[in-house]
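Position chains B, C and D relative to chain A; hints supplied.
4 protein chains.
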Amino acid sequence: MPATRVAVFVGSLRKESFSRKIAQALAELAPEGMTLDFVEIGQLPLYNQDDEPNPPESYRVFRQTVASADAVLFVTPEYNRSVPGALKNAIDVGSRPYGKSAWDGKPGAVVSVSPGAIGAFGANHHLRQSLVFLNVPTMQQPEAYIGNVTQLLDEGGKLTNEGTRTFLAKFMQSFAAWIEAVKKAS
Amino acid sequence: MPATRVAVFVGSLRKESFSRKIAQALAELAPEGMTLDFVEIGQLPLYNQDDEPNPPESYRVFRQTVASADAVLFVTPEYNRSVPGALKNAIDVGSRPYGKSAWDGKPGAVVSVSPGAIGAFGANHHLRQSLVFLNVPTMQQPEAYIGNVTQLLDEGGKLTNEGTRTFLAKFMQSFAAWIEAVKKAS
Amino acid sequence: MPATRVAVFVGSLRKESFSRKIAQALAELAPEGMTLDFVEIGQLPLYNQDDEPNPPESYRVFRQTVASADAVLFVTPEYNRSVPGALKNAIDVGSRPYGKSAWDGKPGAVVSVSPGAIGAFGANHHLRQSLVFLNVPTMQQPEAYIGNVTQLLDEGGKLTNEGTRTFLAKFMQSFAAWIEAVKKAS
Amino acid sequence: MPATRVAVFVGSLRKESFSRKIAQALAELAPEGMTLDFVEIGQLPLYNQDDEPNPPESYRVFRQTVASADAVLFVTPEYNRSVPGALKNAIDVGSRPYGKSAWDGKPGAVVSVSPGAIGAFGANHHLRQSLVFLNVPTMQQPEAYIGNVTQLLDEGGKLTNEGTRTFLAKFMQSFAAWIEAVKKAS
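Residue numbers (our numbering), protein chains in the order written: chain A, 1 to 186; chain B, 1 to 186; chain C, 1 to 186; chain D, 1 to 186.
Bound conformation, chain A alone (with noise of 0.2 Å):
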């Protein structure tokens, strides 16, 4: 049986960022069968309409990237109570031209992350809206809120808190049987 290729999103370009830790962990976690593929977004340009004719090769690139994964999976902090401009401009950028979204139909999960105690609640919530419209069957439960980041990895930035350890892999399991159940769906 071929793997399943979960294409990965980190929400923050900076390079420590925590989010790409998480990510980094869940990579880690992810059930046999299941690869995590990381998709770049910070070489995008800002989206505009007018450029559809003739689009970036960059666009190009990221719009096939996503329309061959199997799944999609959301890492990301909250600016200003919403999702980053930058991860909001790649599903923009997925999204279009209209009537070939390169999201549509693919089953998806979200993971929030945040050095404070909300877990990014607002970033979290906000993503999910626009899966509604992207047709991404987001995966509802067990819903990912990881707050307090920095006190749950090492100095090298891995993931060292056994509890989160825990609940990040049983996360990844669920999304391999989400993943699955929305296949077969298809």
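What the hints contain is simulated information worked out from the structure, not anything from laboratory work. Note that this is a predicted model, so its numbers are computed, not measured. Backbone N, C-alpha and C fix where the C-beta goes; we use that ideal spot for every residue, glycine too. One thing to keep in mind: the hints can contain errors.
Cβ-Cβ distance ranges computed for the label pairs, FRET-style [unchecked claim]: (1) 142(A) with 2(C): 48 to 54 Å; (2) 165(A) with 115(C): 53 to 59 Å; (3) 40(C) with 53(B): 21 to 27 Å; (4) 156(C) with 60(D): 52 to 58 Å; (5) 60(D) with 173(C): 51 to 57 Å; (6) 2(C) with 184(D): 18 to 24 Å; (7) 38(A) with 97(B): 40 to 46 Å; (8) 148(D) with 60(C): 37 to 43 Å; (9) 160(B) with 60(D): 55 to 61 Å; (10) 64(D) with 50(C): 56 to 62 Å; (11) 115(C) with 162(A): 20 to 26 Å; (12) 115(C) with 53(D): 24 to 30 Å; (13) 16(C) with 162(A): 29 to 35 Å; (14) 97(A) with 160(B): 33 to 39 Å.
Below, chains B, C and D alone, put in the same frame as chain A:
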């Protein structure tokens, strides 16, 4: 094969509710093998956790009705840019006591209805946020925002607009497929 | 100068509600010249527009109480990632009949309260969306998400955490300034 | 008395953007004593905190432009049921570095624009959630959801619909009053 029994919740309590009329149209348009059971919510006292050791009989009946359904369908107006209090109360009642939510795992769908143009968008998406927590896998597409509803009904309250009929019939077919998919996954 | 009378609405009906305890702490921390009047919501029947020609006496009293207040303060838990049904119902009751909303123009503030870490973010912002429609100019900062509330109270339900006391005192001072600003603008 | 200078942010980058046309109509309808300055956002690189020690020159200019405005006005379409990535990125850029947000305390207003019936409700309210955090006191009423926008403009992109003109003129007068109120309060 036994019929799929969908519990329907109408967000407005008034007798001539537009949402109820749309719900009735949905019942008529349901594909073969699916029946819609209207579940009343107006008799439920406001949720108070202190009543939980000895809950009102109406709670017991409501929770059992929800629990025995194969799927859940919400047809609702918007009150003050959100879910009507009566419908939110029903959701709260069904979600308790803690750990025994009657909603858990039921496939769901949302239709929002309004005499205005915006189609009760605010109610639609606030409700969806609750359904994440309640682990109700909710159909993403098609979304259903039924705006300008008074123009879609005849004097007897029957849905006469052909475009809307076609759309709602397709909505119910998609919902039937969604229910099957979620059931298989469990 | 007459005192500023703030009507307080507690989103939970249970007697030992954490939100009520935080509201009581807020009442004690209110700056001079401001009084907090607790307005009960548990006696309000579920809103049904059919009752409007002859509304329940409790509606009349509630609407008048809201209308006579100088400002409104909401202290609420989150139920299922949104506003509790009982509080949303009170909001709906106060907003009707159409064109006679008792909320119109009152300066407002929101405090959300939770035993969990996330601080009832979902209730806080869903409530804010309703307050846009109701034309309640709502204080933006400081936001108040009171998480892990059980750790902030003593056995008698008194707020003992010093950091939270300081924060809430500052919150009430900011609210007093906000009320003055909105009043001057009218 | 010096004019009130309102910085205007258009959420779409395409040249013939409907939002831009509505923003131009708003500029013409602004009451005496108010000028609207269009602030471009398409040149801003995607926000990356790693660039903060040595930020792009465009960031410096943008932040200064925002900081020097008396008020902020957002005119935006909806992309995927939320704020376009380009506009969210501009908001993020203006909000940093931490503790030096250029948005802080500016009175604000939101107009959402769509060729569809729903009037970009999702963008309007997601944006408002960010404005809470940014401490932008945002006008609650009138809300402005400009739907079916193609029917409101002539071939040259001029707003010809009389009802919409009257509404937008009133919107700008209310905004002027709101700006005065917030200024007095500071």
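Do the hints match the structure? See the list:
no.	hint	result
1	142(A) with 2(C): 48 to 54 Å	52 Å, holds
2	165(A) with 115(C): 53 to 59 Å	24 Å, violated
3	40(C) with 53(B): 21 to 27 Å	22 Å, holds
4	156(C) with 60(D): 52 to 58 Å	54 Å, holds
5	60(D) with 173(C): 51 to 57 Å	35 Å, violated
6	2(C) with 184(D): 18 to 24 Å	21 Å, holds
7	38(A) with 97(B): 40 to 46 Å	42 Å, holds
8	148(D) with 60(C): 37 to 43 Å	40 Å, holds
9	160(B) with 60(D): 55 to 61 Å	60 Å, holds
10	64(D) with 50(C): 56 to 62 Å	57 Å, holds
11	115(C) with 162(A): 20 to 26 Å	23 Å, holds
12	115(C) with 53(D): 24 to 30 Å	41 Å, violated
13	16(C) with 162(A): 29 to 35 Å	34 Å, holds
14	97(A) with 160(B): 33 to 39 Å	36 Å, holds
Hints 2, 5 and 12 from the list above are not met by this structure, while the remaining hints are.
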